[in-house]
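Trainee: Take a look at the letters that make up each chain.
Protein chains: 2
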Amino acid sequence: MTKWVYSFGGEKTDGRADMKNLIGGKGANLAEMANMGLPVPPGFTITTEVCTYFYANDRQYPKELEQQVNEALQSIERFQGKKFGDPKDPLLMSVRSGARISMPGMMDTVLNLGLNDETVKGLAETSGDERFAYDSYRRFVQMYGDVVLGVEHHDFEEILDAHKRENGISLDVDVTADGWKEVVKQYKALVQKETGEPFPDDPMTQLWGGIGAVFKSWMVPRAVTYRKIHEIPGDWGTAVNVQTMVYGNMGETSATGVAFTRDPSTGENYFYGEYLINAQGEDVVAGIRTPQALTEIGKERDGSTLPSMEVTMPEIFKQLDDVRHKLEKHFREIQDLEFTVERGKLYLLQTRTGKRTAAATLKIVSDMVKEGLINEEEAVLRVDPAQLDHLLHPRLDPNAKKDVIAKGLNASPGAACGAVYFSADEAEAQAGAGKAVILCRTETSPEDIHGMHAAKGILTSRGGMTSHAAVVARGMGKPCVAGAGAISMDYKQKVMRVGDKVIKEGETITLDGSTGEVMLGEVPTLNPELSGDFAEIMAWADKRRRMRVRANAETPTDARQALEFGAEGIGLCRTEHMFFDPARIQAVREMIFASDEAGRRKALAKLLPEQRGDFAQLFEIMSGLPVTIRLLDPPLHEFLPHEDKDIENFAKIAGVTTEQVRRRLGELHEFNPMLGHRGCRLGITYPEIYEMQAQAIFEGAIEAQKKTGKTVVPEVMIPLVVSKKELKMLKDRVIAMAEKVFAEKGTTLEYSVGTMIEIPRAALCADQIAEEAEFFSFGTNDLTQTGLGMSRDDAAVFLGEYVEKGIFEKDPFSSLDQEGVGQLVEIACERGRKTKADIKLGICGEHGGDPSSIHFCEKVGLSYVSCSPFRVPIARLAAAQAAIKAGTAGQAKKKAA
Amino acid sequence: MTKWVYSFGGEKTDGRADMKNLIGGKGANLAEMANMGLPVPPGFTITTEVCTYFYANDRQYPKELEQQVNEALQSIERFQGKKFGDPKDPLLMSVRSGARISMPGMMDTVLNLGLNDETVKGLAETSGDERFAYDSYRRFVQMYGDVVLGVEHHDFEEILDAHKRENGISLDVDVTADGWKEVVKQYKALVQKETGEPFPDDPMTQLWGGIGAVFKSWMVPRAVTYRKIHEIPGDWGTAVNVQTMVYGNMGETSATGVAFTRDPSTGENYFYGEYLINAQGEDVVAGIRTPQALTEIGKERDGSTLPSMEVTMPEIFKQLDDVRHKLEKHFREIQDLEFTVERGKLYLLQTRTGKRTAAATLKIVSDMVKEGLINEEEAVLRVDPAQLDHLLHPRLDPNAKKDVIAKGLNASPGAACGAVYFSADEAEAQAGAGKAVILCRTETSPEDIHGMHAAKGILTSRGGMTSHAAVVARGMGKPCVAGAGAISMDYKQKVMRVGDKVIKEGETITLDGSTGEVMLGEVPTLNPELSGDFAEIMAWADKRRRMRVRANAETPTDARQALEFGAEGIGLCRTEHMFFDPARIQAVREMIFASDEAGRRKALAKLLPEQRGDFAQLFEIMSGLPVTIRLLDPPLHEFLPHEDKDIENFAKIAGVTTEQVRRRLGELHEFNPMLGHRGCRLGITYPEIYEMQAQAIFEGAIEAQKKTGKTVVPEVMIPLVVSKKELKMLKDRVIAMAEKVFAEKGTTLEYSVGTMIEIPRAALCADQIAEEAEFFSFGTNDLTQTGLGMSRDDAAVFLGEYVEKGIFEKDPFSSLDQEGVGQLVEIACERGRKTKADIKLGICGEHGGDPSSIHFCEKVGLSYVSCSPFRVPIARLAAAQAAIKAGTAGQAKKKAA
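Here the protein sequences come in this chain order: B and W. Its first residue numbered 25, the first sequence is counted upward by one per residue in my numbering. Its first residue numbered 25, the second sequence is counted upward by one per residue in my numbering.
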């Protein structure tokens, strides 16, 4: 016979913590506590299988269920020495849902089942408190009427409000026992009117009503939608927990409270929590009475003057503290628990893993390793890499007041505050004058880089998580709110508008890049504090990860920041960013305007020493570590002026007419620049550009090698390749240039030439491409754009709905679409290795800093991931977790990776 | 011992026609003719293996070669009764290259080897013509000096010119024997001066010099480049043909000529060709003397007054006509042959398959089937589908004079002539007034459709083979020259400029869409004449093809045209084209401007009856044949006005401010519209649009079914799908709408719902998508754009170079990139079938009309191809050829495909 009902806390306990699938999370932990000998009010759990059966059998219960419930209830009656429905001394029960994981939308709780006009008298007598009894009774009728019988909550509230009005009282506590009696009568009349049936007085009817309500709530639309979005199978079902009621509001020897086994904000190892004497659970959170600290240390931390439980109930506190130690030792995790003291007796109502801040997590796991509770590997697995992100940036003071005027995407974490400016030039000028500046643009382009550098934070009204603003801001580690669609920028008037509000140039706003909030005025921020725990845990992680972690960086600042965060090389140096410097852009534009190769070469000759200097400096900073340099990637029109003023300026300096500039702009215009004349296509049509870059790389490397005395190994990376022939042609030129430079300088150095894999065709033809490539670096930004046929700059308008409706689990530009785009990565890895078994494989798209994508990279066996400097610690941690889970922890990282 | 030398035409013949790989095309056919007993001047072929050996062994010949050449030469000497280098009666030889296939860049011919100061006297004596002998000698020294010894050709010409000046003569024919003696002396002095060596007098030295020159020319850069581009392996090598000289210029009983076994222009079965008495081969083509027709019928056709060979040399003509019949019977193909008559004896110097016009091909293969020379299957294989294209459109009168002012891409074939207009509205107005109009635009957009419809031809200055203009023009079967970059359109001045020329509105130009030429003024055109041969051959093809052929069409005109050309259904009805009608665009725009769903539904309600009418009409025309309707695909901004005037107009009608229109335009602007908010993404975010379309489809289908009494099977196609969930959501709505309409109308009909596979992710996840799709239609235009990361509208600027440099074999937008994008198609077919074995698979991209892509479609087993109406015959033929080659010819075509 199938066992449908699992008892706990009474005569016997059938369940265990590892039975969450069968009896739900709450039920499993209640059973576990009972097994540990902790005081849990006796009860039983109806399994999730009953729920599945219920829906598979036209909403019928298995026939054995009634008997098993009866037996479990009788066992409780025996244990408690009370009877359910006994008018003298009634046993009262609660009913709660309990799925495998906590799930919104479902029925939560019905308390005080078993009360009716008769048993309430027994409760009044045994408790010696008639008001308490009738208060409990009216709470029950209201709760049951609402969640089980579907009578509107506010209809009950109206009755209560009328009663208070008529009796001239304003607070519930002033309602008398007789008052509650009257209210109960009216409540029941309401139920009769609304449902056409009298309120059920029979305790067993009440119990089955409660059980049925939980099961039915499994299929309410909100729960169904939630499961759909989170891909929770409908046949998991929910369990139902039926448990003896205990009361913290039975006088001065009763109390109720919640506690964490450590401080969830700081992680400090002391007993953290709040309690109230003579109160119910809901009173602790309702805010009518001020909860008191559990411990003296907690009282001190809170700056409270109210006495701690340690002082008011020393005996009970000792028991509770004992429970705390037992729970931590048992679960080896910070616990969040609920307890009630009924007339001097402690009961535990719930325990679960405690939610805590990132800083607390670091402190806790570090402490727990020292305490011997967990080992280093477990510690590494315990830290959520996404949470780590918050530690690496300034954040808003959580206690500050905020006037939120708009919300965009949380494009780059951290908080920033400054005066708004609407052009990069103005932002730069004001920042130069010492002002804190927020750069506000409809969207940003590479021309805005200097303004972004100068700004404290960036706000755009358009663009997604991988728009130019978002990507560059993350790279710089600057807070960015992107795509705040409610804001419209008016460059002419130098204002931005949101609703009726107009924010003028120079006014102050605050951005929270971690939430996407835009706030009027200054909101105080707190600077990040990286604790010793952080370094310790990162060291444990580094010991375990297999993959190397590099950074995407091109400026000396970024490169140094990357080293500080533990980067082991540069995986992507975007050379185009070096061209936007005002001192150089003119030469770049001259090249674009040249009518022939000779003219282009002349302009490029001006760029050569600058570019060589860039590389020499980068090689020097990264001294001895590998540096991957990507040759020019964006379409040429990105370097041209677009605004009238800029066009006039440029024409004047270049000695051409604005007409000519506009014509060239027209010629270079592209319908879909993402799919246009860029990347190695420029190298094929204008070979002199890549030649100049190759020359600068090799000359710069020789210079740096001489200066530092360390081996410099440049990795030259060709972008946007789709075929072997393309790569071969360009590689041949790079090699020829290397040989030319080596001959001239009378020295040589090691170098390699590889390619981005960022176009589906390249992934599919990776076997051929690998014949010419010494390494592949997956450019998953573009691979996502082409693989999904979605422009990252345009997708924001529908991507939200796509994620909401569950078409994509996550934004595929933030977290790799493993099912689709991931296949291309896998195919390329497999085919690349078929041709060249030891080909070096890395990733340099935005996904290189995303934990779930990093797990994927470990799975397919990449050599390294490369990400924004500010995400390097996250990547280090995620790579370690991935290696531990994949069983590759501690495998030697290849030197060259 | 390896046989390096193959003799022919003398004592024995070693080679055969099927030995082209070993002895080259020319050598193989010479041997074949000798084997047939035809009079071929004796000679021998040095094999391609010698060439390979030569390059594999540091430019040394195999050691046995010299002896084998000597033996072959001696055999010729015996046969001819002459000796090579005999001063009395010298045997003279020619040396020619001969690779497997004809290849530019290589050395062609050296004639008259064996002449020197001694042997020339013998030639003078035996020929009885001293001038002939010294003329031959000087030709030899010049040719050998140029191609073997590398002395500049024009240096020889200068000597000859000086001689003529000094002697006061202007024509070569007036140079005397003594004159040639003097010229030869100076030629030899030139060679001595340039090469530092005397001109080789020894005949064997001359012979080996000639042979070596052929082998060396295999590796000259032009030949290497040509092979690279055409992917001809370098180790194929070339053969060398050494052949006895014969002379057509030995007096009135000698002659030379070229002939085709049938008329290569019309295909008529008569002996077509030209000859000249007492002349050399080069004289026939040099244009100094007018060649005469071979036959009387040819003379009549040419309107010539000169006597035919049939009359002047009846005996020889009889022999030649006999050869003609033998060759056709033997090769079963029209032959192009060269002959020489030396003193009354006929010699054949070459035969090969004759090049002919498309019309001639049809006539010839049809005749040959009737003559029993070939069977129907061979006939089908003989017609080049690409050539067929020329037959389906008007073409320029080949005899007309042309003033070509620019050249663009041959984007849609056929010729058209008309007055230029620069806006669609103006073009429509003028066409309405009865004018022939050419629409000239920088590029076209869907807003120009009515102007394109009204125009005779379309000219754009920007865009590639699959730009909007090109695709739409091909669909309409209208001539189009696209991307004529030299032309700049000036809409304001209403002129176009090319160089210094200014063409004003209303002036006449002519377009040749088959060559891309743009001509000033009117050039007369000829209308296509589809012969009975065409219908006959198409019937033979239809019997053999396995795949169905459908058309991409949405207008009644196109649908009727498609039926006329034999389409078996519509594979792609692009519903957006139906929205651009001026009567509807307003409602479309109202929908776009609506602020909520209710507003959108109100606007859509106006479109519903129109759209229903469209579909009803289409179903009626296609009566009983399958029609695939693609739901709305382009981004909404395509429907909005863009030019100032249009914006003002629209704002006025819609009762909004131009400011509002511009703001909405700004909101809808996309950086990469190709990768933006379009296709089913619109269906997900605005479900009401697809709902209206589904309603129109089902209501229209029921209407048409009632009217025609034939079963209508609509196929509803969802574009741009990337995941199963996406498709499922939209399919559920289509089904719901079908059921609603059926319930309302009290009737039902069969229908299916499928998807485009046009994004790499869709191809990779085809197994999942097939769970929801009843058919896949490969949208290879977008699949190419995303698979290669190339925008078809932007690729023109680099794609030319990509094809030229051999990175792509062909323009991947015209002919499917089988190696890359083809993999995605294969993967999708395979995975789709894994889920649903009988899933219907088709293609509706531009490639559906491209023969090489159609072969690919046959290989992967698609059910049908769909293409522009005007390409339907091409597709029918190509599908038949593919089936024959794949061995699937005549396999039952599925009824529903």
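Just so you know, these hints were derived from the structure itself, not from any lab. None of these values were measured; they are calculated from a predicted model. Do not rely on the hints blindly, as some may be mistaken.
Stated by the list, open to error - With the Cβ distance kept under 10 angstroms, some of the chain W side facing chain B (calculated, not the full set):
id	residue
1	232
2	397
3	510
4	689
5	703
6	747
7	788
8	792
9	814
10	816
11	825
12	830
13	839
14	841
15	851
The beta carbon of each residue, even a glycine, is placed where N, CA and C say it ideally should be.
Trainee: It remains to establish, for every hint, whether it holds in the given structure.
Mentor: Tested hints:
no.	hint	in the structure
1	232	violated, 36 angstroms
2	397	violated, 43 angstroms
3	510	violated, 12 angstroms
4	689	violated, 14 angstroms
5	703	holds, 8 angstroms
6	747	holds, 6 angstroms
7	788	holds, 5 angstroms
8	792	holds, 9 angstroms
9	814	holds, 5 angstroms
10	816	holds, 9 angstroms
11	825	holds, 6 angstroms
12	830	holds, 6 angstroms
13	839	violated, 15 angstroms
14	841	holds, 7 angstroms
15	851	holds, 9 angstroms
In summary, the numbered hints that this structure violates are 1, 2, 3, 4, 13.
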